[in-house]
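Chains as they are written, first to last, in the working numbering: chain E, 108 to 394; chain P, 33 to 286; chain S, 30 to 357.
Derived from the structure by calculation, the hints contain no laboratory data.
It should be emphasised that the depicted structure is a prediction, and the values quoted were computed from it without experimental measurement.
Yeah, the Cβ is synthetic: ideal placement off N, Cα and C, and Gly gets one too.
Incorrect hints may have been included.
[Said to hold, decoys possible] Below are the EDC-like pairs computed for lysine to aspartate or glutamate, each with C-alpha atoms no more than 20 Å apart in a straight line:
1. S/K324 / E/D225
2. S/K324 / E/E216
3. P/K232 / P/E202
4. P/K120 / P/E219
5. E/K387 / P/D86
6. S/K312 / E/E216
7. E/K365 / S/D167
8. E/K193 / E/D286
9. S/K316 / E/D224
10. P/K231 / P/E202
11. E/K273 / E/D286
12. E/K365 / E/D109
13. S/K324 / S/E305
14. P/K231 / P/E219
15. P/K41 / P/E93
16. P/K229 / P/E202
17. P/K62 / P/E251
18. S/K324 / E/D224
19. P/K229 / P/E166
20. S/K193 / S/D64
21. P/K229 / P/E219
22. P/K62 / P/E202
23. P/K159 / P/E202
24. P/K229 / P/D35
25. P/K231 / P/D63
26. S/K316 / E/E216
27. P/K120 / S/E230
28. P/K232 / P/D63
29. P/K120 / P/D86
30. S/K312 / E/D224
[To be verified] Label pairs and their computed distance ranges (CB to CB):
31. S/V137 / E/W222: 39 to 47 Å
32. S/V46 / E/K189: 42 to 50 Å
33. E/D286 / S/E38: 31 to 39 Å
34. S/G185 / P/Y146: 24 to 32 Å
35. P/H187 / S/L348: 27 to 35 Å
36. E/L252 / P/N72: 53 to 61 Å
37. P/K120 / S/L188: 55 to 63 Å
38. E/V296 / P/K275: 42 to 50 Å
39. S/D309 / E/G264: 45 to 53 Å
40. P/R271 / E/L291: 36 to 44 Å
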Amino acid sequence: MDLANFLIQLLNSVQYGLLLFLLAAGLTLIFGIMGVVNLAHGSFYMLGAYLAYALTGSMGNLFVAIPVGAVLSLVIGWLLEKILFKHFYHRDHLDQVLLTFGLIYIFEELRSMLWGDDVHNVAIPASLDWSIKLTDTLSYPAYRLFLLGVCLLLAVGLWLLISRTKIGMKIRAGAFNSDMAQALGVNIVRLHALVFALGVALASLAGMLIAPLSSIYPNMGSQVLIMCFVVVVIGGIGSVRGALTAALLVGLVDIFGKVLVPQFASMLVYVLMALVLLYKPEGLFKQ
Amino acid sequence: MSDTLLQAKGLSKRYGGLLAVNDVSLSLHKDQLHAVIGPNGAGKTTLTHLLSGDVAPTQGELWLRGQNVSGWPHHRLSLHGLGRSYQKTNVFLALSVWDNLMLAAQSRHARAPYNPLSWMGHAANDKAVREGAERALQLTGLAQVQQIIAANLSHGVQRQLEIAMVLATEPQVLLLDEPLAGMGTAEAEAMVVLLHKLKKDHAMLLVEHDMDAVFALAEVLTVMVNGTVIASGTPQEIRADAKVQAAYLGEETA
Amino acid sequence: MSTPQAHLETLPRSVQVFLLLGLVALLAFPFAQQDFYTQTVTRMMILAIFAMSLDLLQGITGLVSLGHAAYFGLAGYVVAYVSPQDAGANWLIALPLAMLVSALAALVIGFFVVRTHGIYFIMVTMAFSQMMYYLFFDNKALGGSDGVYINVRPAGWGLDLENKWMLYYFTLVCMVITYAFLRRLLWSPFGRTLNGIRLNEHRTSALGYASFSYKLTAFTLAGALAGLAGFLWAAQTGYVNPELMGFHMSAHAIMMVILGGMGNVAGALIGAFGFEIFLDVFKDLPKIGNFDLGKHWQLWMGSLIVLVVIVAPQGLMGLLRSKKADDE
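Whenever a hint applies, use it, and build me the whole structure from the sequences.
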């Protein structure tokens with residue numbers, strides 16, 4: 108593998124990893140703080156993709172659709188938490204698995220009723236529809252670089268939020284010990300709503316950003332959900348740092364795996380997970 | 033000098049920046065009750081965890097019946113003769129008193145789980161197990177309530193069940209973590225009588241706040257403050273010890 | 030489900046009678062009507078075995094696995110691979126082999142998975158079954174996304190599973206044996222310990238039980254029984270594909286067990302039948318105006334699950350118990 112090829116795969120790995128991070132960060136925070144297993148998290152990713160399709164259709168511009176979609180997702184997430192998810196917090200994990208699995212069915216049906224069952228596409232915005240030449244034969248799509256940049260910005264933004272702001276401190280406290288945080292005066296109800304909405308928005312953003320590169324189809328959440336879970340298990344529940352490390356690891360293993368050993372590529376990530384579990388059954392950065 | 037059944041050598045437990053137990057050594061002998069006392073947060077429960085194998089020490093060794101059992105998980109220690117009761121009642125709330133004791137007694141006769149013979153017998157009919165459960169039942173005076181679901185027992189009776197379960201595992205060393213916690217006077221007195229009865233065949237460690245019980249039962253006392261042992265000796269020596277008095281100034285004793 | 034209650038392990042008289050009547054009905058069924066329904070009921074019985082195998086893990090031991098279908102599907106593939114192109118495999122070899130492979134897979138995966146707890150356990154079981162899914166999906170040599178066909182069903186020793194009636198009664202026998210085995214196991218020393226682990230794992234191991242060994246054994250046994258169901262499924266449908274090992278199939282199993290009620294084996298059996306009946310009913314719903322109710326069966330199924338979890342957490346068996354309690 109020559110340098111240019113290697114660079115391309117590396118970029119792809121980081122891009123995929125960061126995308127997974129957006130999804131996994133929300134999931135791990137929701138697990139860590141509210142203790143909720145949410146199988147429907149993939150549905151939020153799907154929501155983002157369909158929002159990108161619908162909003163770009165009506166607004167004509169992906170760059171406008173994305174922020175609008177993000178805000179919409181925040182609101183939807185906030186509403187879902189208030190109406191539905193907050194009632195799951197004290198249930199045991201089995202209940203949560205079932206309830207959120209039931210939700211997957213319901214969300215799929217809603218999607219079917221709103222947007223139908225056809226496969227859709229979102230065009231890459233004209234301004235980014237070109238490639239950067241790396242060598243005589245290889246070039247890298249500009250949109251992917253844009254994606255990489257945005258994900259990196261979001262990751263850094265999330266990192267700063269968690270580690271440098273007051274809200275972030277409350278989130279970390281909540282992840283570490285919910286009751287203690289509450290006893291120390293944190294408005295836990297509002298914190299939960301915020302974290303959940305944030306999780307939904309991040310998942311949705313991931314879906315919106317990836318929309319121009321992949322097709323938009325029914326049940327697209329399931330596949331990414333599994334990867335998400337693997338990332339959270341490897342990284343450790345409740346740890347954003349863990350989610351980032353694990354997501355990048357998974358990205359590298361998956362992308363390079365597909366290039367080097369295609370028949371076993373999809374298994375490699377699970378082998379990685381198995382290895383981590385042998386030595387650290389609670390993840391690399393367990394709180 | 034009776035047999036030394038349990039020996040702790042320089043046990044320490046560190047949690048990040050906090051040294052919960054600092055270089056504690058003690059030994060338990062048959063026919064003897066060794067009490068560990070100290071203010072809240074002294075590290076008594078952590079020490080009990082270290083002795084019972086619930087928590088692995090950061091440093092130090094544990095010897096049980098002459099064998100180095102440092103780092104052994106608690107199920108192995110149990111099979112080797114160590115039994116522990118918990119401060120927070122840890123019985124099977126959904127099961128009856130009898131079923132609790134049966135499960136406890138069964139551990140002494142259990143075959144390996146992958147042995148198909150253990151999949152097919154009827155557990156409730158096993159004679160040896162029934163005898164074990166019956167013994168524990170009689171010893172702790174729970175025969176009257178044996179069919180009652182543990183969740184429906186009064187707190188005091190649940191604490192009795194807590195002890196009974198440990199006894200059903202036929203231990204030689206008994207670690208008792210605040211057995212009198214939350215008990216009324218009559219119940220506490222009955223428990224003290226029971227503990228006294230148990231001394232004869234066991235090496236016992238008692239962690240307690242109830243000073244009347246401690247002084248009635250203990251041959252040896254160890255006093256802990258902030259994870260460290262500040263004094264150890266007979267009850268009279270401890271009562272007279274200036275450091276101990278200083279540690280307890282202002283402390284409300286049960 | 031949130032409280033660790035004794036799961037109605039001793040079956041109420043009404044349930045025992047119901048099961049007995051059910052058995053009689055199942056014995057007589059093929060004589061009473063056409064072949065189409067015989068196939069449907071065969072499928073229900075196969076799923077009942079699958080559900081009961083999960084109950085061992087989930088209801089009795091308290092381990093919620095989102096990846097149980099891996100062992101179901103794997104067994105089906107074993108049958109497909111050992112079936113010659115133009116003849117049926119010898120079931121006396123194929124059946125034990127399928128169960129053995131499933132058991133081995135469960136043992137290996139269980140070794141990694143059983144060391145985790147709570148949410149981690151749920152997620153890693155799901156992850157490993159997806160791994161299996163991809164292994165088969167991505168490899169043409171193993172059949173790929175198209176799956177593998179079984180041209181002739183297993184046969185041997187006078188038994189020919191091509192014959193729908195023989196398949197039906199063979200499945201019925203397997204189902205009854207599985208039920209009896211698991212009920213016996215429930216009251217065995219092994220079963221009592223698993224129950225203890227479910228109620229309070231910490232105390233159970235403090236009492237001297239090596240809980241890892243117990244959980245791994247349960248995981249492996251459950252895998253083997255799922256393999257039995259997988260063999261029968263392959264024998265019935267004559268076709269296996271990666272979906273049989275996937276997440277949705279695993280969730281299917283969980284829902285059957287929940288619907289019926291966990292922890293007493295009978296609930297899983299009843300739940301399997303009940304779930305399939307609900308599914309068929311939902312899918313056959315008529316059109317009201319422009320709205321095709323049947324097409325949107327997922328909505329009704331999803332709502333049913335949510336309803337059961339919220340209103341009847343101990344499933345159909347639980348409803349029976351509260352009725353019994355009211356009568357007392």
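Exercise for the section: For the pair we were handed, P/K229 and P/E219, check the Cα-Cα distance against 20 Å. Expected result: 15 Å, holds
Exercise for the section: For the pair supplied as a hint, E/K387 and P/D86, confirm whether the alpha-carbon distance does not exceed 20 Å. Expected result: 19 Å, holds
Problem - Satisfaction of the hinted span 39 to 47 Å by the C-beta atoms belonging to S/V137 and E/W222 - result: About 42 Å separates the Cβ atoms of S/V137 and E/W222, which means 39 to 47 Å holds.
Problem - Distance restraint evaluation - P/H187, S/L348, Cβ atoms, bounds 27 to 35 Å - result: 33 Å, holds
Exercise for the section: Indicate whether the distance between the beta carbons of P/R271 and E/L291 respects the range 36 to 44 Å. Expected result: 41 Å, holds
Practice task
Starting from the hint 53 to 61 Å, judge whether the C-beta atoms of E/L252 and P/N72 obey it.
Solution key: 59 Å, holds
Practice task
Below or equal to 20 Å on CA atoms is what counts here, so check E/K273 against E/D286.
Solution key: 18 Å, holds
Problem - Given pair status - P/E93, P/K41, alpha carbons within 20 Å - result: 5 Å, holds
Practice task
Could you say whether the range 24 to 32 Å given as a hint is met by the Cβ separation of S/G185 and P/Y146?
Solution key: Check passed, 30 Å falls within 24 to 32 Å.
Handout entry: Given hint E/D224 paired with S/K316 - CA-CA distance at most 20 Å
Key = 19 Å, holds
Problem - Supplied distance hint 31 to 39 Å, evaluated on CB atoms of E/D286 and S/E38 - result: With Cβ atoms ~34 Å apart, the hint holds.
Practice task
For the pair we were handed, P/K62 and P/E251, check the Cα-Cα distance against 20 Å.
Solution key: OK: P/K62 and P/E251 at ~11 Å, within 20 Å.
This entry satisfies every hint, going by the numbered hints stated previously.
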